[in-house]
Structure formats: C-alpha cells, structure tokens
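Q: Letter by letter, the chains look like this.
2 protein chains.
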Amino acid sequence: MKKVNIIRFIFVLAVFSAVTMIFTASAAAQTVYKWRLVSVWPAYTAFAQVEKRLIKNIFELSGGRLQITGHAAGELVPTMAVFDTVSKGAAEMGIDYPGYWQGKNSVFDLLGTVPMAFSQYDVINWYIHGGGRELFNEMYGKYNLIYYMHSVASVGSGIRSIKPIRTLADLKGLKIRVSGRAAGYVMVKAGATPVMTDPAQIAQALAQGQIDAASFNAPKVDLSLGLGEVTKYNIGPGWNIPSGVGGLMINKDAWDTLPPDLKKIIEVATMDSITFFSSLSEWDTIDALNEFQEKGTVVTKFSDKELAQIEAWVWEFIEAEAKKNPDFEKVATSIFQYMKNYSIARKYQEPYSHGRNPAKYPKLPKLK
Amino acid sequence: MKKVNIIRFIFVLAVFSAVTMIFTASAAAQTVYKWRLVSVWPAYTAFAQVEKRLIKNIFELSGGRLQITGHAAGELVPTMAVFDTVSKGAAEMGIDYPGYWQGKNSVFDLLGTVPMAFSQYDVINWYIHGGGRELFNEMYGKYNLIYYMHSVASVGSGIRSIKPIRTLADLKGLKIRVSGRAAGYVMVKAGATPVMTDPAQIAQALAQGQIDAASFNAPKVDLSLGLGEVTKYNIGPGWNIPSGVGGLMINKDAWDTLPPDLKKIIEVATMDSITFFSSLSEWDTIDALNEFQEKGTVVTKFSDKELAQIEAWVWEFIEAEAKKNPDFEKVATSIFQYMKNYSIARKYQEPYSHGRNPAKYPKLPKLK
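If you're matching them up, the sequences are chains R and X in order. The numbers in numbering that gives the first Met the number 0 rise by one with no breaks, and the one at position 192 of the first sequence is 191. The numbers in numbering that gives the first Met the number 0 rise by one with no breaks, and the one at position 54 of the second sequence is 53.
Check the hints yourself; a few may be wrong.
Copies of the same chain look alike in the list, so a pair counts if it works inside one copy or between any two.
Said to hold, decoys possible - Derived BS3-like pairs (lysine-lysine); straight-line CA-CA distance at most 30 Å:
{"hint": "1", "residue 1": "Lys294", "residue 2": "Lys359"}
{"hint": "2", "residue 1": "Lys322", "residue 2": "Lys367"}
{"hint": "3", "residue 1": "Lys55", "residue 2": "Lys262"}
{"hint": "4", "residue 1": "Lys141", "residue 2": "Lys51"}
{"hint": "5", "residue 1": "Lys103", "residue 2": "Lys329"}
{"hint": "6", "residue 1": "Lys346", "residue 2": "Lys329"}
{"hint": "7", "residue 1": "Lys367", "residue 2": "Lys294"}
{"hint": "8", "residue 1": "Lys263", "residue 2": "Lys55"}
{"hint": "9", "residue 1": "Lys323", "residue 2": "Lys87"}
{"hint": "10", "residue 1": "Lys329", "residue 2": "Lys251"}
{"hint": "11", "residue 1": "Lys300", "residue 2": "Lys367"}
{"hint": "12", "residue 1": "Lys339", "residue 2": "Lys188"}
{"hint": "13", "residue 1": "Lys251", "residue 2": "Lys55"}
{"hint": "14", "residue 1": "Lys346", "residue 2": "Lys300"}
{"hint": "15", "residue 1": "Lys262", "residue 2": "Lys51"}
{"hint": "16", "residue 1": "Lys339", "residue 2": "Lys329"}
{"hint": "17", "residue 1": "Lys174", "residue 2": "Lys346"}
{"hint": "18", "residue 1": "Lys171", "residue 2": "Lys346"}
{"hint": "19", "residue 1": "Lys231", "residue 2": "Lys339"}
{"hint": "20", "residue 1": "Lys346", "residue 2": "Lys294"}
Hints were generated in silico from the structure; no laboratory data involved.
Make the full structure from the sequences, and use the hints.
A: Shown next, in the form of structure tokens:
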C-alpha cells in the first residue's frame, strides 16, 4: 500500500502544480487595469459621444482588462487642470484640445489648429504619414505624456455677430471673442479687440453686449452653446479653425505598466475614433447649418482679397513666433513642409480635393 | 481511516472538477480560428500593405485567436473568382473592389465609385452616418456575405495617353481603356471606343498601339503598372473615379461561428484600415505625381464646360440604370440624397471643403 500512497501523493501534487500554473498564467493575462479619464469637454458636446465610444471599444477589445471611467469637464477637475492632472498621474488619461495648453508652450496652439492651412484631412495625412505623430509625442513627452490623436473636427464656424459683419473693415472697433493667438493677432491688425470668454459664458456675453461677436467651434458646437438665438449674422469661412485636433493624453508612468497588447488596443481604438469622429463632425455640420438657417442666420463670406490679407497677417504671426520659440519653429516647419509637398496633389485632384493651397507660405528658415 | 479516505476522495474529485472547468473555460476562450483571405490585388500594390496591416492588427488584438493567412491576387484564385470563393466559403475572407462584380448586379459598380460625385471623405461620411454601411450589407448579404469597408482610395488619375488629349473633342475615334460602365457610356457619347484591358496588360497594350489611352487608378497604382514610361500625356481631373472603395467580404456562415469579441475586433480593425489607407493613398499621390513629372508627363484638365457635359452624360447613365435595376435605384437615391443634404456644408466650408457640389442632380424618383 505504501507504493500506492506515494503514487497517489505524486499524482495529487502534480494536479496541484497544474492548477497553480493555470491560475498564475491566467492571473498574469487577466490583470485588470482600472483607469480614470478626465476630459476638457462638457458632457453635452459631440466630443463626449466619441469619448464614450473609445472607452467602450477599449473595454470590449481588452475583454474587460482595461476599464476606464470617463469624467466630463468639471466633474473631477476643471478643463484647464486636465493637462496637469494627467501629467502628474492623478488621472491616467485625459482628452484634450492642444490649444488650451498654449500658456505652457506656444507650440500647443499650432498643434490644435493651423489657421488658413490644415483641413481635417491634412491633419490626418500629416499625423500618420508626415511625422506629425512623432512631433505630438515629442512635445507632450516633455510633460511626461504619451499622445494619440483621437478626433479631428471639421471646418469651424466663422465669426457670429449681432450686427452684420460683411467686410474686414467692419471688424474695426468691435470686441470679439476668439480662441488662438494667431486669430487674436488678426483681430488686432483689423482694429478689433480680441477677448477670451469661457465657452459657457459666450451666449450671455453676446446677449448682454459685453462682446459684439464670437468665434468658437464647429456649427453644431456653436448651436449647443445657444449662439443660434443671440447672433443673427455669420461671416465665414472658418479660416481661424479650418480643423481642430482632439487627443488622448496618457500619463507616461501609467503607460509603462501596460502589457504590449493593451497598448496596441489603445492605438487601434484611437484610429477608430479618428474615422468615426471626423465623419460625425461633418454630419453634425449639416444638421447645425440647417438649424441656423431655420433660425434666420444670415451667412456671408470674406472675399478672396480679404482672405489673402488675413493670410498675410497669420503668416506674420507664425514667422514671429517661430523666431521666439524653437519648438514652434520645428512644428511649423513640418506643417508647412507638408503643405508645400502636398500642393501638387491638391492641384491635380481639384475639384475633388480637400482644403486649399496657399498662394504664399510663411518664411521659415528650414522650409524647403 | 475509511472516513479520511472518503474525504481524500472527495477532495481529489473537487480538484479534478476545478481543473476540468478551467480547461473547458480557457478552451472556449482560446479557440483558434485559422482563416484564409483572398484578395483582388496583386502583392506589389499599396493595397497589399494595408491588407497586411489588417491581418496583423486582428492577430494582435485577438491575442492570436484569429489567425488569417493572406493570399494576393492569383495566388490561390484569380481576381475575378474572389467573390464566389468567399460567397461559397472556400475562403472565409476576401478583399475586393466592388466594381469588379458589376456583372452579377450593376449596383456593385456604384458601390465601387460614383463618377462626378463621391470624394474619398464623402464615401466615409455616407458609409458611417448616411446609411451606406447598411446598404453594402444588404447588397452583399444577397450573396451570403458580410461587408466591412476597409479602404477608400484618393482621387484617381484622369486619362493617360500617348498622343495629347486636350479637349473632349480629342477623344473622338480613340480606343480607350476605362473601368466602370458610366465611364464607358461617356466614352461612347464622346465618340471613343471603351475597351476593357486587364490591369497587368495596360502598359503593353499602349506600347503596342492596341489602345490609344487608358484610365486605371490612383497615380501611384498607375505608376506601378509602368504607365509613366508609355504615356506622355495625362488629362484630369479623375471624374470617373473620384474615390474608390475597397472592402472586406466575410462568408456569412464563417462569420456566424465567431464569438462577439472577435466580431468587434474585425469591426474596429477595419476602421483603423480606413484611416490608415485613406491617408496613405493621399501620401502616395504626392510621390507618384512628382515621379510622373520627372518622367516628363504633361498634365492638363478638361474645362468646367466640358466637365458639365461629362456630368450630364453620367447622370443620363445613372437615370437609365436606375429604371432597369431596383437595387441600383435604391443605392443611387441614397448616394445622391447624401450629396444634396451635404451640399449646404460643402458650400459653407469652402475653400476648406472636400469634393464638389454638382450644379444639377440626376433625376431619381425618390430623391428629395
């Protein structure tokens, strides 16, 4: 019987070892990461919709191993604290508009939108194939952040106003809410006073006469702020925000704890977001323009000659900023190199092309 | 000791049950699907690059549970047999250009490209938000296929020729290789003879004078066929193929065997492909146009008046085909409804918009 007992003992031991091995293996594969995401966007915008899609996709693709809880602007931290919150790791992820961080480094303004230049598809082409992705990660990397582009908004609205603005000369003496320093520079050149108003306060500021006009975002977003009620006039095109980047910031230390497959899942899920949101932003524009039309909004445009003048002012701003900030120069050179290289394709594809070839380019020392 | 033996017996039984359960569970979660993918594209085209990316992404996202072996055109079956191969389940997946199946149903021609209409981004907007995806699945569903859009090529080349073509009148009497029935109809109207030449034979047919001119695909693809050597002239724009869809066909019976998470992985991976390939196609165009320029290709364009004439002929073809085929009418109505609805956005966004608003639309009974 002794021999039988030993065999039984060995057998039970083997079974135990097998069980232990299986549990260890599945424990490693099934570590659940519970992360928090803070966003710069309020819950009522279309941006919140694509954030939810991203979170759901990551959950499903990872079989529940990466669980992200999303927090809209102000829920956990205010919009302007999102960058530092993720940079310091108080939340693992954040959704941003790069331009909001221009106070830290003027290059972020350029990464958010390129006035008079980047269409929605130019941004995507440049990000994926033109070195854009590397530059985003270089700039955000200085703040302990990994960056994935997550959305690119369609052409923004022009300027909405209470009194009609029909020419550049009409801007003179007005107080205008604009975002972005290049747009602010253009306003000053045109004799207007640029004002920074919190998005949630724009409609009220217009209604109470604190500002005369405002340019914020895409038509659908403007509509959600109630700008259809308080402004009767809208002059385009959206030269100051021909496209708008949204991104997913990830704290570098948190990122380093992820296994390779979860990193891959995040990367592919953001590519899905780009496709989904770019088209959603276009789709929303159709609805919003129809609604503005029903509300009686009168739409006009600056003439080609006036746009050429605006372009000259924007390039002036870009050239001056490039001289002050090497990061700005580096990114601006890459952006306008893309614009120059791509110009042959845009011209060839006309009238099926997207965006525009500038007649001139800003003077940047390394631009070929 | 009897009691102890019983306890021991129960314990061993419990361990066995646990082990069995774990193995069963992990076997279910870890069923490996080994699938075959057949493509209509030769390995030397950019399409092969994005197919490889799709296969790799699906492998990595699924942790190796969905393993796909890709086969370029002709490796397993010839291009024109890809549809039936997947429809019948001899391969689980296929990569296609819908227009190749126009012989089965003329609606596939329209799903591949919409002459004079859909830009690359119009296709994506319509597919995701305008009911396009549902229509693709309705039409392919008749052949036991599930469909995911996988790539959208950028604006195609116009017509490349040995002798100069500078006006519509110059087409008269020429033998021209074109793809798509609408383009063939335009050629006939212009007094030319449309010819269908296998892509691999186009350069030779031109060199030997069997055809006078050819229109195939995007500049990079044309370049890979050697058309830079045999044609000196190129007249644009690419009205006959302003965008070109590529899709992933999946045999419905094979699809039904997949667990929900693998279906989700395929869906998200194709969204990645769309973003990646749309921009790659643009990027490749820059290179190809520069190469054509170095080879001395002379590029011209049809005038706006001539394009209006071409458009009238294309609409004539679409109206006639819609009367013959209810599937064609259904898809054409959805496409041109998108074009009409979107026109307000395109006009508003100008000059940052993509594609064009037709001056007129084809007459389709249900088009509002």
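Q: Check each numbered hint against the structure and report the violated ones by number, ascending.
A: none
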